[in-house]
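Here the structure of chain Y is known, so what remains is to put chain P in place on it, guided by the hints.
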Amino acid sequence: MPNITIDGQALEVPAGITVLQACEYAGIEIPRFCYHERLSIAGNCRMCLVEMERVPKPIASCAMPISEGMVVRTNTELVKKAREGVMEFLLVNHPLDCPICDQGGECDLQDQAMSYGRGLNRFEENKRAVKDKNLGPLIKTVMTRCIHCTRCIRFASEVAGVEELGATGRGEHMEVGTYVEKALTSELSANMIDLCPVGALTSKPYAFMARPWELQGTETVDVHDAVGANIRVDARGPQVLRVLPRLNEAVNGEWISDKTRFACDGLRRQRLDRPLVRRGGRLVTATWDEAFEAVAGALKPLTGKQIAAITGDLADAEALCALKDLFSALRSDNIECRQDGAKLDSACRTGYLFNTTIAGIDRADACLLVGTNPRWEAPLVNARLRKRYLAGGFNVALVGQPVDLTYPIDHLGDDPKSLLALAKGSHPFAKVLAAADRPMIVLGMGALTRDDGAAILAKAREVAERTGMISDGWNGFNVLHTAASRVGGLDLGLVAPGIDKILDATSSGKIKFVYLMGADELDMNRLGKAFVVYQGHHGDAGARRADVVLPGAAYTEKNATYVNTEGRPQRARVAVFPPGQAREDWKIVRALSESLGKTLPYDTLSQVRQRMGEVASAMNAVDEVLSAPWGKFGKSGTVKATPLVPPIIDFFQTDPISRSSPTMKECSAVAAGENRATGTNG
Amino acid sequence: MTRKKAFKFNAASSKRAKEIVARYPEGRQASAVMPLLDIAQRQNSGWLSREAMEYVARYLDMPIIRVYEVATFYTMYNLQPVGRHLVQVCTCTPCWLRGSDAVLDACRKSLGVDVGETSDDGFATLMEVECLGACVNAPMMQIDDEFFEDLDAKSTAELFEFLKRGDRPKSGPQAGRRSSEPAGGPTTLREISHLPKN
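For the protein sequence lines, the chains are Y and P, in the order given.
Quick note on numbering: the first sequence equals residues 664 to 1345 in my numbering.
Quick note on numbering: the second sequence equals residues 124 to 321 in my numbering.
In isolation and in its complexed conformation, chain Y is listed as follows (with noise of 0.2 angstroms):
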């Protein structure tokens, strides 16, 4: 560990980093802007120079490795005037056009320009203009105000694995942008919009609606993929204006997907704001007591058996819970959480987690993934998946439609015929895997939704136990969801008896009365005639099926947990109240429990809490993983020879948030390759 000196302190610093590192660990500010912790060092924005004793000049401390006995100052007059010299010149083809700039407010050129620059300019010239690039729907630029540092086109290549953004032309001629201009082909591409440290690119769904100081900032999680990434929700009044993420290393890093970002105008339309009850065929508004009422007259005359509750991928534990407790009072264990069919069982825990955690992937060092495309079914993991890539000796294999990851992939067919040659170990890539230290498997949706779904786990699990997937302190066994809600609703088994046989015996009319907690995606057809009651916020295919309509809360609305695909509870915090009459979902069911004459014990959240922890004591350990012991899952079984087809067609519209945000069917469509232009844009 060098010893080094920064402004007379005297510091012991890990080998390796550099001077602004070592400035940071000190506790001295640096100013920057093409640094980033994340992405490479580029050093050509020049505002972090320090003066380093024995060198004549100033050095760019972002780019300056340290090195024993060295004696830095970064309070001296020539850093100073160093500093303002570079202010000055990052100025002069810089607009100033704060006051109609979306930047404002949350500037890293108009912070330090106000802590490190001088205050005055000497440009008397004319300023240079660019023209503005169209990078699709999510981010709007105003290419004026760029200051070169690259951050963006460094995210775009390294992080994000698209190069589609590079600098062209020199000197005073040189622009950002693509080679033609073209949305970019990222699901993580507005991450650029954080990085940006000018107003260069800002948001274009949330251009001119806010200054960061009229906001209201909740930290919470995201529902719309399994990964569970920290955001922050943004709030002015009753309207979420926008979502950030927030840092946390174990699970997002600190990006965000595109749909996490933009899907929140979704969440002002479509809404369900009031009670309605299915009158003459058609929902008309009701009070809360009558549609309890409506509820309760249906489920009168039945029994246990002839009721059956689907929950959705949205759902909180919290309403999970309730409504699981609820079941049982009344009799009944068909409630179902695998909405998309997945055969997957609740008795063991590591049987239906991403066990290897999402950090746990930068340690991997093969990977096998089965049935899954995890650029859209989680590409936060996809984009871990791509740094472990990066950072070399990294071998993945893909069984299943061939996918671009961002990075190579041995593809060994599209049908699981080379699964079962991995278990047998006649498989040359199964020889990776054993060679490897710590392999691991990914199964996603695509492999475990299909009939044989149950016995592509028990096939998955013998490679697991084939290669060394399982051993000390390592477990490479993953199975990747989709669904926010769905590892939760495991926990608190919610797995009786699976949704092809409720939905057959609604068909058949052996159920008659069927409780849909936020689900919507299953063939509302095969409903038959039961009686339906759909609890969820928003009206898409549920409700428009529903013969009772029972409004609830979007995940920004509510103090929920949401377990994440690594079996991570995390909490959803309220960032605005519910519409109108729209209530937290597990105080819906209790009121419904009231009314229904089997009032459930509990009345506080804490208590709902200490319920759930009692029924699955994971659900205690909030943002913690607690690692669950290798056991036997799957059943032995075929497995047919058909191709394995991904979950997610479509990524920008997944679930009942996304299909509602017009930002988001514009990017469907902008994916699909309608690149319809506008007569605005040029």
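In short, the hints are calculated from the structure, not lab data.
Note that this is a predicted model, so its numbers are computed, not measured.
Wrong hints could be hidden among the right ones.
Claimed, not checked - Using 20 angstroms as the maximum straight-line C-alpha spacing, the simulated DMTMM-like pairs for lysine to aspartate or glutamate come out as follows: (1) P:Lys232 <-> P:Asp161; (2) Y:Lys720 <-> Y:Glu751; (3) Y:Lys1295 <-> Y:Glu838; (4) Y:Lys845 <-> P:Glu174; (5) Y:Lys845 <-> P:Glu177; (6) P:Lys232 <-> P:Glu174.
Stated by the list, open to error - Here are some chain Y residues the structure puts well away from chain P; computed CB gaps all over 12 angstroms: (7) Gln672; (8) Pro758; (9) Leu946.
Where is the CB? At the ideal position from N, CA and C, for every residue including glycine.
Below, chain P without anything else, positioned relative to chain Y:
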């Protein structure tokens, strides 16, 4: 970049490209991007079409934007079609002091175009460039791959007459000098016989 034309290396270009790519270690073939762009430009009548850049990107297994960055950075790649001859007149300080204005005017007159334009018959494109490193023989210009130095209005006009006839004018100094020796003859080493005496 209006013409849409598929681009592919011909036999000669292909051979040359293979030689150049072979100079770099396996997996580092992107290092060959600059010479390959030059080969493509020569084959494609002196300019790089989008198709040509895409072809080079595919040839070297590079993202297209990375090739485009290189092509836009260096001024010797032409991203617009040029005439059969590319006339680059140096107007940097030494040439300007020695009369590059007259040379440029002579070019304008002979070619009937202004700087940055291509003559209607596609004969030549006139460009103004920064220092080409031949200041001792200023003023000078470059036509295609050759330097023409010690120019004045008259010799410039003559050069174009040559070119228009289809002849290849002699490159180098146009005012009697052999190379970059003093214009008035050698002042030292007079006894060396192969230098012209004054």
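Mind listing which of the numbered hints don't hold for this structure, in increasing order?
1, 3, 6
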